[in-house]
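J.: So you can see what is in the structure, the chains are spelled out below.
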Amino acid sequence: MNIELRGISKRFGSVQANRNISLDIRASEVLGLLGENGAGKSTLMNVLSGLYQPDSGDILIDGTPVRFDGPGDSIAAGIGMVHQHFMLVPVFSVVENVILGVEPTGSADFLDLAAARDQVQAINARYGMDVPSDVLIEDLPVGIQQRVEILKVLFRSADVLILDEPTAVLTPQEVEAFFGIVRALRDAGKAIVFITHKLHEIIEIADKVSVLRQGEIVGGGVPSEFSEADLAEMMVGRPVSFSVGRGTATPGEDVLDLRDVTLVDASLEVRLHQIAMSVRAGEIVGIAGVQGNGQTELVEAITGLAPVASGQVMFAGTDITASSVRQRHCMGIAHIPEDRQKSGMVSAFTVAENMVLNSYYDDSVARGVQIDWHRAEEQAAAACLKFDVRTPSVFLDAGGLSGGNQQKMVVARELERGVRLVVASQPTRGVDVGSIEFIHKQLVACRDAGNAVLIISSELDEILDLSDRIYVMYEGQITAEFDNSSSQADRGAIGLAMAGANRTAAA
Amino acid sequence: MADQTQMDPARLAASQPVANVTDWRRIISGFTLVMLAAIVLFLLDAPWDSVSTFRISRPRDTWAVGNLVVPSQLINTLAAIILAFLGTRLFLRGGGRWTGLSLGVGLIILAMAFLVWATAGKAISLTGMLQATVVRAVPIALAALGGILCERVAVINIAIEGMLLAGAFAGALFGSLMGGWAGIICAMLTGGVFGLLLAVLVITYRVDQIIAGVVINLFVLGLTSYVSSQVFAEFRWLNKATPFRAFKIPVLGDIPLIGPVLFNQNLFVYGALIMVTLSTYYLFYTRMGLRARAVGEHPRAADTLGIDVIKTRYAHVIAAGMVAGFGGAWFTLGSVGRFDENMTFGRGFIGLAAMIFGRWHPLGALAAALVFGFADSLQQKLSILNTPIPSEFLSMAPYIATIVVVAGLVGRARPPAAIGKAYTKD
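Heads up: the protein sequence lines correspond to chains A and B, in order.
In terms of the numbering used here, the first sequence opens at residue 1 and continues consecutively.
In terms of the numbering used here, the second sequence opens at residue 1 and continues consecutively.
Bear in mind the hints are in silico, worked out from the structure with no lab data behind them.
Incorrect hints may have been included.
[What the hints assert, rightly or not] Simulated coverage check for chain A against chain B, where a stretch passes if three residues somewhere in it have a Cβ under 8 Å from a Cβ of chain B:
#1 63 to 74
#2 105 to 117
[Stated by the list, open to error] Cβ-to-Cβ under 10 Å is the rule here; a few derived chain A residues that face chain B:
#3 Tyr52
#4 Met81
#5 Leu88
#6 Pro90
#7 Phe92
#8 Gly101
Note that the Cβ used here is the ideal one computed from N, Cα and C, for glycine as well.
Bound conformation, chain B alone (with noise of 0.2 Å):
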């Protein structure tokens, strides 16, 4: 018989903790918020007699409410005492799901005492505020859709962007055309087909699916800026559709605050938000769903279990167009009913990190979304309230809040496994 040497027990028994390794995630995101204290005590201060009111209805509203007024130094103190106390907190205990969670809640914080000593001796519509967070959100929140449709499926859309402008160009100039409900109609169109390309070239021939989408929003970004500058500069009645108008949702409608941002909105902002429930019911309740996720995560095994996946991910590539489409119309026949070049301004992109952020789930993709509408119309509303601050530095916010947000907060978000892989069947 050989003989066995029994490892130590005591040895195993005390290796369970783990050894001095160091979480610099825990320890950067907790200095930031000791320096966004700092920042919030020291730059963003306020006489301590002045107030920030901030407006929730008008007048004539059915039910109208009092104005929130709050003493601003004193909430922007709180503020830096309870942001200091969570980069604090992070520095000696947490780590681990904590870290994500306040540096959250810290963001949430700044853009609150933000908001408070920019309207500080002023006033401001917190309503009118969110409902342009509503209403930008709205484009961002259904490229996001778009991409969540095509990576669920494993193919990496970057031609979101592109598929946007397509479906606003095509959005204004059959919607000048035709009317409004053709406008949309043939932008959703428009989308598919560009989904329809970038299905052949990426599903069938295989090509790079970056390289693709990168070509593909190319030669959108050309064909309408060419379009637009020579035709439509000559034909001005090809330009000038009748955007959609709000209507307001009877008796919901009227509650306050929640009202005016929810149920008094155009048809894009309902559009955005049945199709995000529809596909969260799809993707996660369906039987569809399931065999589409299954065909994101393990191709292989999905096709040994019957399932096509060269057919699910061309209907999932082309619906992805569609949607893109119907948020590119938002541009021209959800604002201006004017398409100018390149209007829609790496909107697309944008919506790729919402989808990221919101980890490939539609309704995270939405919260995403909201926040970097909420990013775009603080930018909006500071510029009127005439802040110290240069308008073009407000203007990066949607961007700087985008790479705060994919850099710091989204962690160890994972994609779907077979992502930006072609499939074969040997």
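So that you can see chain A by itself, here it is in the shape it has in the complex (with noise of 0.2 Å):
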């Protein structure tokens, strides 16, 4: 099945997500679809898949013109989306989860789950994916719950899939594994469709790859025919640098010390497990792991976000264990939290209150119980100049920025006051290019100016990127330290040991 997007625009109040696209989706091929977060490919995609009918344009299938109403129209036609956040229902079983709204059913809306489960199984050993078929989805790992999401679009038996952003959750040994299925569906002459923002991805599974900017299409071919440099430059607009160029570091004293430190959530489940680590002055660590391995958990402990139930976190040689969230702000611990819209911002405040959200309290714009709201908008000018978030004014809406600025802002915020330690949560999470490299910029900046800096994410390249020194999180424990200052650390093996590699071997 052959699909033709024909000069899509949608547009979003003053936003033009999609302006005049057109597209080739072809049978047992795999379009790439390259393009910066926010440059409208998850946007494109939800046309397609009929979650949105575009303003203008035309879809064709096979030539024939088509029109979505809904998603069930585009299900109808054979078109499937693995969404980038899973749309699974986490206390349903795989089978149900798989045939939730084309149902097998006998008499009287008898659901028939021993039928369904029978067709999961022989689409599951067709396409080798091996996924239980009784397991409840969350009990399942993030890989394989990727897999049912697919076996959810093939039991609609669909000939084009949607794969959105798709190795974003994904270690790098799943990453392989998920390409074999992907081959395996286009040997078998389905059309796929890889949206993503990682250049190499492209470059190894895609056999066209599309390039998006700003809504547009601005470039494709095939893939070989491109270095990642030209991808990236077509992709952001600008010659981009990858590397970030930081010098060595010259570690100092122990800054941030964690002694054994053990996290035990509010159901009683052991969420860090004798954690020990440390991070110097003048260094940055990295934490690499898949997401959920008790990372918000570590972060948590060392903000004073909640308790830890046993062990020690020792700042700069004092025990800060029974601190306040507020006195380890004092004593120079900046947070840059991990999801922005959530606790870093808020969004229906200005950026000058933003700004002041952190320190409302202190000498610097405070006069007794009032807050010196001029002394706070001078120094939020200034703090939005030297870290390049671009806002018409300070009187705006924190929640109208983009998320790069956005970003940026919360990185003011933190960086602005005398700091000594820096705990930067997915510092770079839905962050235009050029914001990352600023907002990496600074960190670096911040470790050569003698501070210690701690950063959490779950994307590997960003953790390879900056780290002096690496720890791998598994399930609550830091299994894994890799050297990273002088030359890269072995991809492979802290691929591994994301996995889990080394504690089973050590168990």
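Hints in hand, dock the two standalone chains.
T.: Take a look at the structure:
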């Protein structure tokens, strides 16, 4: 089945998400769709999957124009979408998730799970996916959950599969296995659209590539004819340097020292188990690991957001295990939270208000019980200039800024005071390339000024680019430590540790 | 090549068991059980020679069975020993799933010991008490079922109380005008109308679900109270319906104990049992049920698969209103035939507690409703038995049971994931 998109345009309010886009999706071919966050990739695919209706333009299936009024229509036409955020019901089993919406039934609407299980296992075997039928989704690792998403699409006998940022949540080994499945699907005659912002994936898996920038197609062709630098330039619109260019570290004393820290959540499950690690002055330490292996809890333990069950958190030689968040803050611990929308900023506050969230009480802006807004705004304006936060005015709501500018605002707020330790969690998630470069430079500058920097990221490339030392977390434990100061640590070895290899070997 | 420092394997291997973490739930439960043992032993004591008599059959029953006679003090001493054992066991070893189970068994033993103590030297009809338990569980179970139908599609239904009251009112009014069956149908329609109102408010206009529910409750309370005090007081014939009588199912109704309790009841008891069975089948064994649960857990996923989230929610909230309307009719057409101001008395809220206790499962909710119904009938019987406990305290029994059950036994019940959130496409 071939699909042709002709002149698709889609506008949300004042944002032109897609402008006059034309694409050719062919059977037995992997089409790579490359673009930055916010370039309009997801909007385009939501148009194709029927979730949005285009303002203008046509969708042609094998030459015939079609119109999708909802996801049901596009599913019926044989288009299946694997969303970046999985669309799986966590408390349903694999089979229940796969059949949802197209359930085989007996009389009296009875759900024929036995028949469904057989059908699912048949598809499973055909593409070598190896997914259990009756396990609940919440009990499966992310890599397998993704296969369930693919099963779901295949169960609806889709001929076109749209994969939206499919590798974002996978370890390097899982990515390899996943590419194997993608190739098997292509060889079986499926058309595949592979959406990503990772250049090396396009070069590895795509038969053709189209590059999207600011809602428009800006180029494309056969990936082997391009270098990574060409593709990057097309995607961003200017030459991009990939290496951060960080000098050799000169580590000093321990600034942060965790001694056998164990953290237990409200339902008494162990989230961190006897974590022992340190971050020295003048050093960047990276925490690698697949999301959900205790990174969030580690940050909470360091910043004081969650109490630890046992062990000690030492900061510059003092025991801060029992100190409050505010106390730790005042001692010079800066925190860039993993989810800026949820815990990094208040969208409905202005930029200036957001900038004083961590200093409204101290002498810099407070006058008794009042805030000296005049001074706060001056400081905010200066910080915006210094940290490249592009906003017409500091009086505008922070929620209206782009992701990159929001993140730079958070970074500015955290780094603008005297800090000794920066805890940066997913510092560049959902941020444009320009802002990524800028934030990385700021973190390295912070290190060069003699501060300790801890970076937690699920992007292994980011960890490898920035860190002098790398710890790998798996199931709430630190399972490996790598030196990354003079030469780059072994990507494969880190990948194995992220998948839990070390722990299995040890246990 | 960069070098890798492997973590000490011995350290990783040794790190399996959980570090010294205090399980407060276990400790509090254990302490509670030991306290209960002390209460049974020291407060619920009777003379050693007294016996408690539980009547099972009436003399003219088809198959009569003898009375159950037990030595009061011996039974209660045994009960205290078992309670103390369960509590101590929790302290020393327990934890995990044993916590809830031990506490549940402990509460059943407490209820039995209490009954034995109260009837020491007297006689009580066990059959009558269980019969009353079932009857009183009916409105709670139906309210819980209404709650489940809503919450399974992620709509919080605080308005269940108002829907019960509206059903009771409509049952009395239309039952007086057009007879019992028409009364029931009108009660269900009225409940459905309030379901529709809630659906419009929270699904289409995305009003906060708690606020919308409270508003409906207040509206129904105000309206029915006004009409009953102003209109019904004047025209008494508008509020004088003939209630449904119990009818015995042949053969089954003659079985000792079980017969009178389950098969010699009125329409509402049978109706509630049928609705619970049907909705269990619907929710967990049918295609539409699977879709409904998906809408409650992950509406966006359901939407991407072509399931209409909005329609599904509307249908369930309206159906929930109709179930609650039927439950409301129990208060008038199922018992006295007359509507009184605020006669539902918070049964709708207790129904919501039963829903949570029953973990959003119709059968679980029915079981929970029976527990509350038992507490209710216990209070009624004990006030007749002339125990030293003031009747005001006894009438608190259902509510105390609610608190104990919801706080202590439920533990980590998990509501549908999307609960309380309005659905929008973008």
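J.: Next step is simple, just say for each hint if it's right about the structure.
T.: Hint check:
no.	hint	result
1	63 to 74	holds (count 3)
2	105 to 117	holds (count 5)
3	Tyr52	9 Å, holds
4	Met81	7 Å, holds
5	Leu88	6 Å, holds
6	Pro90	7 Å, holds
7	Phe92	7 Å, holds
8	Gly101	3 Å, holds
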